[in-house]
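Residues in the sequence shown are numbered consecutively from 2, following our numbering.
Calculated directly from the structure, the hints in this document are not laboratory data.
Some hints could be false.
What the hints assert, rightly or not - With a straight-line Cα cutoff of 20 angstroms, these simulated DMTMM-like cross-link-like pairs (lysine to aspartate or glutamate) come out:
#, residue 1, residue 2
1, Lys-72, Asp-9
2, Lys-72, Asp-17
3, Lys-64, Glu-20
4, Lys-25, Asp-13
5, Lys-64, Asp-9
6, Lys-50, Asp-9
7, Lys-21, Asp-9
8, Lys-50, Glu-67
9, Lys-50, Glu-20
10, Lys-25, Glu-67
11, Lys-72, Asp-33
12, Lys-50, Asp-17
13, Lys-72, Glu-61
14, Lys-72, Glu-54
15, Lys-50, Glu-6
16, Lys-72, Glu-6
17, Lys-64, Asp-17
18, Lys-64, Glu-54
19, Lys-21, Asp-33
As the list claims (entries may be wrong) - Restraint ranges, calculated between C-beta atoms of paired labels, are given here:
#, residue 1, residue 2, range
20, Gly-37, Phe-69, 20 to 28 angstroms
21, Ala-32, Pro-68, 14 to 22 angstroms
22, Gly-37, Cys-66, 24 to 32 angstroms
23, Glu-67, Gly-37, 44 to 52 angstroms
24, Arg-71, Glu-5, 34 to 42 angstroms
Note that the Cβ used here is the ideal one computed from N, Cα and C, for glycine as well.
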Amino acid sequence: QLAEEIGDLYYDALADLLEKMAQKMTRDAAADLGRGRPRLASELQACSKHLSEAAQHIGEAWKICEPFARKPKVMP
């Protein structure tokens, strides 16, 4: 259900979320490398790279559909 709800985000918001997740994985990788866990750190860094690439692709998808999207009005 969480995946469905995340998937329903506007693509610009999804790109931002994916990039923040990539940054988190980078921080976790650095922490695990510091704890002497190089294999785990390597996998987390690879995850970060793929999340960042996914963010770039969904950002491009947003550029394509943004002119046609109707974002809800934000209440003050």
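Would you list, in rising numerical order, the hints stated earlier that this structure does not obey? Going through the list in order, the structure violates hints 6, 8, 10, 11, 14, 15, 20, 21, 22 and 24 and respects the others.
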